[in-house]
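Take a look at the letters that make up each chain.
Number of protein chains: 2
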Amino acid sequence: MLVTSGAEGRQLEEPRVRYLGLEMISEPVKPHLLKLEEFMWHQVEAFEPEIRDLVGYCLKNSGKRIRPILLFYSGWNGDGRVSDDLIKASAVIEFVHLATLVHDDILDRATLRHNDSTVAKRFGPEVAVLLGDALFSQALKLAADFPFVEVCREVSRATRRVCAGEIAQTFERGNAEIGIHDYLRIIDLKTAELFRVSCFLGARLGGYHDAFTKAVAAFGRYLGMAYQIYDDCADFTGNEDRIGKTLGTDIASGKVTLPVIYLLQALDPPARSSFLEEVQAGDPNDVSNLTRDMVECGALEKARELFIEHVTMGEDALAGFHDLAPVGKLLEISDFVRRRIPEPLAGCR
Amino acid sequence: MLVTSGAEGRQLEEPRVRYLGLEMISEPVKPHLLKLEEFMWHQVEAFEPEIRDLVGYCLKNSGKRIRPILLFYSGWNGDGRVSDDLIKASAVIEFVHLATLVHDDILDRATLRHNDSTVAKRFGPEVAVLLGDALFSQALKLAADFPFVEVCREVSRATRRVCAGEIAQTFERGNAEIGIHDYLRIIDLKTAELFRVSCFLGARLGGYHDAFTKAVAAFGRYLGMAYQIYDDCADFTGNEDRIGKTLGTDIASGKVTLPVIYLLQALDPPARSSFLEEVQAGDPNDVSNLTRDMVECGALEKARELFIEHVTMGEDALAGFHDLAPVGKLLEISDFVRRRIPEPLAGCR
Numbered sequence: 000m001l002v003t004s005g006a007e008g009r010q011l012e013e014p015r016v017r018y019l020g021l022e023m024i025s026e027p028v029k030p031h032l033l034k035l036e037e038f039m040w041h042q043v044e045a046f047e048p049e050i051r052d053l054v055g056y057c058l059k060n061s062g063k064r065i066r067p068i069l070l071f072y073s074g075w076n077g078d079g080r081v082s083d084d085l086i087k088a089s090a091v092i093e094f095v096h097l098a099t100l101v102h103d104d105i106l107d108r109a110t111l112r113h114n115d116s117t118v119a120k121r122f123g124p125e126v127a128v129l130l131g132d133a134l135f136s137q138a139l140k141l142a143a144d145f146p147f148v149e150v151c152r153e154v155s156r157a158t159r160r161v162c163a164g165e166i167a168q169t170f171e172r173g174n175a176e177i178g179i180h181d182y183l184r185i186i187d188l189k190t191a192e193l194f195r196v197s198c199f200l201g202a203r204l205g206g207y208h209d210a211f212t213k214a215v216a217a218f219g220r221y222l223g224m225a226y227q228i229y230d231d232c233a234d235f236t237g238n239e240d241r242i243g244k245t246l247g248t249d250i251a252s253g254k255v256t257l258p259v260i261y262l263l264q265a266l267d268p269p270a271r272s273s274f275l276e277e278v279q280a281g282d283p284n285d286v287s288n289l290t291r292d293m294v295e296c297g298a299l300e301k302a303r304e305l306f307i308e309h310v311t312m313g314e315d316a317l318a319g320f321h322d323l324a325p326v327g328k329l330l331e332i333s334d335f336v337r338r339r340i341p342e343p344l345a346g347c348r
Numbered sequence: 000m001l002v003t004s005g006a007e008g009r010q011l012e013e014p015r016v017r018y019l020g021l022e023m024i025s026e027p028v029k030p031h032l033l034k035l036e037e038f039m040w041h042q043v044e045a046f047e048p049e050i051r052d053l054v055g056y057c058l059k060n061s062g063k064r065i066r067p068i069l070l071f072y073s074g075w076n077g078d079g080r081v082s083d084d085l086i087k088a089s090a091v092i093e094f095v096h097l098a099t100l101v102h103d104d105i106l107d108r109a110t111l112r113h114n115d116s117t118v119a120k121r122f123g124p125e126v127a128v129l130l131g132d133a134l135f136s137q138a139l140k141l142a143a144d145f146p147f148v149e150v151c152r153e154v155s156r157a158t159r160r161v162c163a164g165e166i167a168q169t170f171e172r173g174n175a176e177i178g179i180h181d182y183l184r185i186i187d188l189k190t191a192e193l194f195r196v197s198c199f200l201g202a203r204l205g206g207y208h209d210a211f212t213k214a215v216a217a218f219g220r221y222l223g224m225a226y227q228i229y230d231d232c233a234d235f236t237g238n239e240d241r242i243g244k245t246l247g248t249d250i251a252s253g254k255v256t257l258p259v260i261y262l263l264q265a266l267d268p269p270a271r272s273s274f275l276e277e278v279q280a281g282d283p284n285d286v287s288n289l290t291r292d293m294v295e296c297g298a299l300e301k302a303r304e305l306f307i308e309h310v311t312m313g314e315d316a317l318a319g320f321h322d323l324a325p326v327g328k329l330l331e332i333s334d335f336v337r338r339r340i341p342e343p344l345a346g347c348r
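Chains as they are written, first to last, in numbering that gives the first Met the number 0: chain U, 0 to 348; chain B, 0 to 348.
Some hints here could point you the wrong way.
[Stated by the list, open to error] Some chain U residues flagged as far from chain B (calculated, every beta-carbon gap over 10 Å):
#, residue
1, Lys59
2, Gly62
3, Asp78
4, Thr99
5, Ser155
6, Lys213
7, Leu246
8, Ala265
9, Cys296
[Unchecked claim] When the alpha-carbon atoms are kept at most 20 Å apart in a straight line, the in silico SDA-like pairs for lysine to any residue are as follows:
#, chain 1, residue 1, chain 2, residue 2
10, U, Lys120, B, Ala167
11, B, Lys328, B, Ala318
12, B, Lys301, B, Lys328
13, U, Lys301, U, Arg337
14, B, Lys120, U, Arg152
15, U, Lys301, U, Ile179
16, B, Lys120, U, Phe170
17, U, Lys120, B, Glu171
18, U, Lys87, B, Glu149
19, U, Lys87, B, Arg152
20, B, Lys87, U, Arg152
21, U, Lys120, U, Lys301
22, B, Lys120, U, Arg172
23, U, Lys120, B, Arg172
24, U, Lys120, B, Glu149
25, U, Lys120, B, Phe211
26, U, Lys87, B, Phe147
27, B, Lys120, U, Pro124
28, U, Lys120, B, Leu106
29, U, Lys87, B, Arg156
30, B, Lys87, U, Phe147
31, B, Lys87, U, Glu149
Honestly, the hints are just simulated from the structure, not real lab data. No residue lacks a Cβ here, since even glycine has one placed at the ideal position from N, Cα and C.
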């Protein structure tokens, strides 16, 4: 036995979840989340005996279940009853998400995830590549357990788009002249796509009509883009202990994100040239200096505005559907995000 | 533009295909194979613009289309008419196969595939991981274009099993005490599974009944195992120029395959211990010496017998269905394999 499987890996107690205050948002869907944990652990048995311990190892160190929460809220039926279809669909999304995490950790050469060794570090990159593939396969196998093809179709298309976004980001690494348009396209693909499909499937499997399903998918998409903008800003302004990672890792690896793009726009030509040289040489300025510059020149304030703009576009997508049960819940998430998530950006106002 | 896409990468002219004599087998399904090429190149447009050139690059360097040939033969309708469903299903299988090749080349640190740089070598392992994922996603997206879930279900399950087999093989690397049972389990998963599902889908989409579909799946499985046994023997006995790769790479990387297992069984305890030490130290005997030992002790002859046994089990699975159009064609493949493929083993008789 490589690891002990079991349900001891509950996500709700995780420090970062507490920091983000997600308990408030996850509370109404707690029965769903517990059922999802149980379902996912039960799925371990669906894998070949040779790799069950590995799958258990990944599950023990998996995430915050943000996408399942969105899916449950989007399919909310008014009385909080737990639907098997929503549980299964959220497990599909989480297995895809797990697969991308396992592969991302190879690409980022990460050694730790949620305070435990990454699969790549512990079992080697070979196993990590193959295990990510197996997790993704099982996600699609589960999707194919629905009697209709729509879940497979949406999830496989979304995953292709996520990968395309990550490849595009890899190609842009070290390119300090990337524009806002390219940045938004990348985060739309790599992050917003799984948020979008989570909301879409929730509403679809919750039995809602096409117009609402489309609206809720747009809500998820904008929220996903806002989430990534937040994350990219937090890489400069976050509190390392609270967000649980080292600041400045994006720019150190040549990833030029929104606040950097705005900073570059604000710099005078000589300062801009010298910054570009630093990034291209893989030796960017000290992070705290960079963050100070971003505050002073208004780059973080502009990023915050774009963040709020995306949250608002998400809310606007739901206009006209206020009579439907999910809308109240989704606006609670949106409101929560608007009020709480920009916290680390407060310094730039 | 990274590469030029186009249909110039036709596989039928490839040297290894000529060596294997696959033209004879591919001749009756040539219209299907040409349609498949066209269909796959057309699929490039289904990917996000950011990664189309990469997909084209993979297509240009892809394989022998053995699995599509099996699929076309399994769904053979008697008059050679090309069915769109069979083309689409074979493209699903080939995209999965392409994805596994792209990932395998990272794991094997391979730099060449079909005389061109591997994706991992040319674009880096990061891009190779993500591109493999995107190809696999698109395979499942195509599978979900069928109006029923069976294609998705079979293909995703098969892919999970392929990955499990490859992970098991990775864990066994350097273990010279692996038994025949474990070896057969690994090749059943990592190789035979895609052969099996190709035959299954061919018969299913060709409109054949359950009993025959099951039989033809068993045929594919045994043929796949025989194919892998052949490949593992050819790693010792092949002609480097003709099979297009360096001999002895399996054992050099600690992969203990069938002829080695039989060799170990035949060695006396001191010779066995010294061989085990060499393998564990990653420094196996010179390949030509090893091959000579395998011939002398009968290890290659035993491997050949197990190869023939699997071909025969495949043929036996089709007994009772000789009135159906695909059976004659499938037995032609089987006969071809039996007569031609063991050629490099001739030395051991």
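To see whether the hints hold, each was checked on the structure:
1. Here Lys59 (chain U) stays apart from chain B, with its beta-carbon at least about 18 Å from theirs, past the 10 Å limit.
2. Remark: the non-interface label on Gly62 (chain U) is consistent with the geometry, its nearest Cβ contact in chain B lying 18 Å away (cut-off 10 Å).
3. Against chain B, the non-interface label of Asp78 (chain U) holds: every CB pair exceeds 10 Å, the least being about 30 Å.
4. Residue placement check: Thr99 (chain U) does not keep its beta carbon more than 10 Å from all beta carbons of chain B (closest about 8 Å).
5. The claim that Ser155 (chain U) lies off the interface is violated: its Cβ sits roughly 4 Å from the closest Cβ of chain B, which falls inside the 10 Å cut-off.
6. The claim that Lys213 (chain U) lies off the interface holds: its Cβ sits roughly 19 Å from the closest Cβ of chain B, which is beyond the 10 Å cut-off.
7. With a cut of 10 Å on Cβ distances, Leu246 (chain U) stays outside the contact zone with chain B, its closest approach being about 23 Å.
8. No beta-carbon of chain B is positioned within 10 Å of the beta-carbon of Ala265 (chain U); the least distance is around 28 Å.
9. With a least CB separation of 30 Å from chain B, Cys296 (chain U) remains clear of the 10 Å interface cut-off, as annotated.
10. For a cut-off of 20 Å, the pair hint linking Lys120 (chain U) to Ala167 (chain B) stands: about 18 Å separates their Cα positions.
11. Of the supplied pair hints, the one linking Lys328 (chain B) and Ala318 (chain B) holds, its CA atoms being roughly 14 Å apart against a limit of 20 Å.
12. Only pairs whose Cα atoms come within 20 Å are accepted, and Lys301 (chain B) paired with Lys328 (chain B) is rejected, the gap being roughly 28 Å.
13. Taking the CA atoms of Lys301 (chain U) and Arg337 (chain U), the gap is about 15 Å. The hint holds against a cut of 20 Å.
14. Between the alpha carbons of Lys120 (chain B) and Arg152 (chain U) the distance comes to roughly 32 Å, so the proposed pair goes past 20 Å and is violated.
15. Proposed proximity of Lys301 (chain U) and Ile179 (chain U) is supported: the alpha carbons are some 12 Å apart, at most 20 Å.
16. Between Lys120 (chain B) and Phe170 (chain U) the alpha-carbon distance is near 15 Å, which keeps this suggested pair within the 20 Å criterion.
17. At roughly 19 Å between alpha-carbon atoms, Lys120 (chain U) and Glu171 (chain B) fall within 20 Å of each other, so this suggested pair holds.
18. Pair hint Lys87 (chain U) plus Glu149 (chain B) holds up; C-alpha atoms about 18 Å apart against a cutoff of 20 Å.
19. In summary, the hint linking Lys87 (chain U) to Arg152 (chain B) is supported, as the alpha carbons are separated by about 15 Å, within the 20 Å threshold.
20. Proposed proximity of Lys87 (chain B) and Arg152 (chain U) is supported: the alpha carbons are some 15 Å apart, at most 20 Å.
21. Only pairs whose Cα atoms come within 20 Å are accepted, and Lys120 (chain U) paired with Lys301 (chain U) is rejected, the gap being roughly 38 Å.
22. A threshold of 20 Å between alpha carbons decides the hint, and for Lys120 (chain B) with Arg172 (chain U) the separation of about 18 Å falls inside it, so the pair holds.
23. Of the pairs offered as hints, the one joining Lys120 (chain U) and Arg172 (chain B) holds, with about 18 Å between alpha carbons and a cut-off of 20 Å not exceeded.
24. For a cut-off of 20 Å, the pair hint linking Lys120 (chain U) to Glu149 (chain B) is broken: about 36 Å separates their Cα positions.
25. For the hint pairing Lys120 (chain U) with Phe211 (chain B), the CA-to-CA distance comes to about 46 Å; that exceeds 20 Å, so the pair is violated.
26. Between Lys87 (chain U) and Phe147 (chain B) the alpha-carbon distance is near 18 Å, which keeps this suggested pair within the 20 Å criterion.
27. About 16 Å separates the Cα atoms of Lys120 (chain B) and Pro124 (chain U), which keeps this hinted pair within 20 Å; it holds.
28. The straight-line distance between the Cα atoms of Lys120 (chain U) and Leu106 (chain B) is roughly 15 Å, inside the 20 Å bound, and the hint therefore holds.
29. Note on Lys87 (chain U) and Arg156 (chain B): the hinted pairing holds, with a Cα-Cα distance of about 16 Å set against a maximum of 20 Å.
30. A C-alpha spacing of about 18 Å is found between Lys87 (chain B) and Phe147 (chain U), which places the hinted pair at or below 20 Å, so the restraint holds.
31. Proposed proximity of Lys87 (chain B) and Glu149 (chain U) is supported: the alpha carbons are some 18 Å apart, at most 20 Å.
In the structure shown, a violation is registered for the earlier hints numbered 4, 5, 12, 14, 21, 24, 25, in ascending order.
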